[in-house]
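Undergrad: Chains as they are written, first to last, in UniProt numbering: chain A, 1 to 454; chain B, 1 to 454.
I should point out that these hints are in silico values taken from the structure, not numbers from a laboratory. Keep in mind that the hints are not guaranteed to be accurate.
One copy or any two copies: either way a pair holds, since identical chains are not told apart in the list.
[What the hints assert, rightly or not] Straight-line Cα separation of at most 27 Å, DSS-like style, residue types lysine-lysine; simulated pairs: (1) LYS314 with LYS164; (2) LYS3 with LYS40; (3) LYS378 with LYS359; (4) LYS369 with LYS314; (5) LYS36 with LYS379; (6) LYS36 with LYS3; (7) LYS360 with LYS314.
Protein chains: 2
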Amino acid sequence: MSKQALQYLSENREHLLDRLHTFLSIPSVSTDSVHKKDIKAAADYLESYLNEIGFDRSEQQDTGGHPLVYAEYNQAGPDAPTVLFYGHYDVQPVDPIEQWKSDPFKPENRNGRLYARGSSDDKGQVFMHLAVFEAYMKTEGKLPINVKVCIEGEEEIGSENLYKVLHDKKEQFDADFAVISDSGMVAENQPTILYGLKGFTGIEINVTGPDHDLHSGMYGGAVRNPIMALNHILASMKNEDEVVTVQGFYDSVEPLSENERELIKNVQGENYEESTGVRQTVSEKGYSAKEHTMARPTFEINGMYGGYQGEGTKTIIPSTATAKITCRLVPGQEPQHIQELLEDHVYQAAPSGVTVDVKKEKLSAKAYKVEPNHSLIKKAAESYTKAFGKETVYVRMGGSIPVVEWIEDIYNMPIILLGFGTPDDRLHSPNESFPLDSFDKGMETLVHYWENVK
Amino acid sequence: MSKQALQYLSENREHLLDRLHTFLSIPSVSTDSVHKKDIKAAADYLESYLNEIGFDRSEQQDTGGHPLVYAEYNQAGPDAPTVLFYGHYDVQPVDPIEQWKSDPFKPENRNGRLYARGSSDDKGQVFMHLAVFEAYMKTEGKLPINVKVCIEGEEEIGSENLYKVLHDKKEQFDADFAVISDSGMVAENQPTILYGLKGFTGIEINVTGPDHDLHSGMYGGAVRNPIMALNHILASMKNEDEVVTVQGFYDSVEPLSENERELIKNVQGENYEESTGVRQTVSEKGYSAKEHTMARPTFEINGMYGGYQGEGTKTIIPSTATAKITCRLVPGQEPQHIQELLEDHVYQAAPSGVTVDVKKEKLSAKAYKVEPNHSLIKKAAESYTKAFGKETVYVRMGGSIPVVEWIEDIYNMPIILLGFGTPDDRLHSPNESFPLDSFDKGMETLVHYWENVK
């Protein structure tokens, strides 16, 4: 019965916040070997908390790097679904420390927010799940669902060992669906279903002309300028209407349905002038900025360089020019295939007199999407709305979460992203915080969700 | 009578080379204040040499920077022309010193070449003129022409003060024509008339998009990428046929005459693969590489940068992108006008969603050209051919020599470039040298020339 669990959460709020403070006080910065002991302490904390809650099995597993906390609960009965819960206990470094208004590892409540490194990303959100499990066990003596817990300590350093672990222990992690709370809502108190993430792929283009920088007076007119050659190549890949002109790029893109356009329309748009300083948004012809960022593929030059970069002039024809490109992909686009299309285009567009070399970036990911009317999604939306008292909006995101693609890739299970962060949480920055209101309503959402799916 | 002067030069070769060694031994590096005394010593050397030769007036003049050596000879009579002779006594630094096979300031003869910093650029060539004047004075007691000598000490640091001096002392430097020996021949022992230089002008383009680098997942699709915007602008300025597509760019370019195309055809082309490593030359449609480098304007991107330049990927939309552009100009093209055409084009080509700013480079110069059939040029060619025993070729150069433009600008007098350097002289590099053969034949050329023009 959800009532009892909710009552427990409400009556034990101070106790639970105290426990959370203890967890947040451990400086589990994964990137710095100075914090190796703290990483271990955070894993210990989770292992013993899960034990105490009453999980059948709770242990630290070796990954080759920082330990992964694994726990299982199997007492919900054979008819209850099994959920794989993923989170991470490591946090970002705190530099620049002088910009923090309070100690990042002495959690402080100010103006309705809990300030601490990891309060939002992701220790705070991990803790909410554990607190909800505690509430069920303390009141009903059991959980409504079977659970496999996977909390890693390397997310902030690229989850270096996770893919291998997930791949090698298929039986251990297999479940009916996965739940991840490591994302956010589009605005504070605006329940948000994140039902899609983009994939990505990238290439680097190197153009070589002469074997050293040349005097532009002596050789201008005889030698192709590699920077200009690269300009011609790149300008042929996306036009001024923001349409990618690489042949086949859009071929397998699923068209945006009227239903999705409607869902996107319902999301309150970002104030781009405020957040980016641009006075005018520019997006693919035929699509709004919201539609393009959420649901259409993109092509970006992330960096470009060649020749002289100092003050004033240096009259040279440079020897080389380089551009780094990444594309954000949508469902249907195969990263390796898109890389090949980009590569083919570059070689075909290369003008004479220069040598063009394309390097394919190794890291790439497929896009992820759950149908917004999937029953697990609908139930999540209902749970959000019930807890927050507000209609849930549906969004897709331009970014990528590697673990989502990996779970999808290895297990092919639905992944439900139940995020409770807000745009003001300052993840990875000084003064990270999390609204206490989200803490309460988030836990309530989880209770409703387990009741809904059990 | 030229015979006597030539005989003197031949009989006194060792004596003259000794004098030249002394001059080259002075480390008159203009860029380094450590060498201030040496700069003075080189100016002293010239002042006293000119005095000794018998110039009516020889003195060091204050420029605000390093002194300028000025001397006059007015005894050739009212019918003889007055020549302004320009050269420079300062030299480039010698770094990296460890790459020199002999001390840069202890001149050494090896394999028919004189090795020393300044042996070609420009102390060696200045000395040849003084030696010829000495020869005339010692044998005939007079020079065949009236001479104004202007030897500066700041050429290697951009002739910082020369324009003002030339401008402020118009009467002092005024002459019938100018002679400069600070350039080279297209090949050793290939007498070469350099009858044209290109001018130049430049702009810098800055494109600003968002006010900070953005996450390409969150904002890709909403914000114009400044690097791509710059690519579209630049690709619209020159096409793949190497034709500049900026409106009006070629409007006032003098067409290349059949006569000039013939002159250019006679010049042995450079082996571009050897000197630049490119396997294929690329030049303006309708023109050969020789024609384009010598006699057609060019447009080069000297440098371009924006966004991430490190290893691997960084998935950002950069905040800014910059390109540095210079054009080499031909006679008829007004640098300021061309700058304006470039600027107008850039602003018109700028796509929406970014701010584009054009900075006009201050330093610019008009092209310079003497008609190849000008009598002073024809006489120079005859003198070269007589001394070197080989037909003289006519070339124009893609580079610029600022003093040429200044003399042209202020005095509007013909300027004859009598250069004797060779492509192997390694100007500005370790192991600078000058062929002793060029030393002898160059002085002979000068004697013939003075006889021809007197």
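Undergrad: Under the constraints set out in the numbered hints, which ones does this structure not fulfil?
TA: 2, 3, 5, 6
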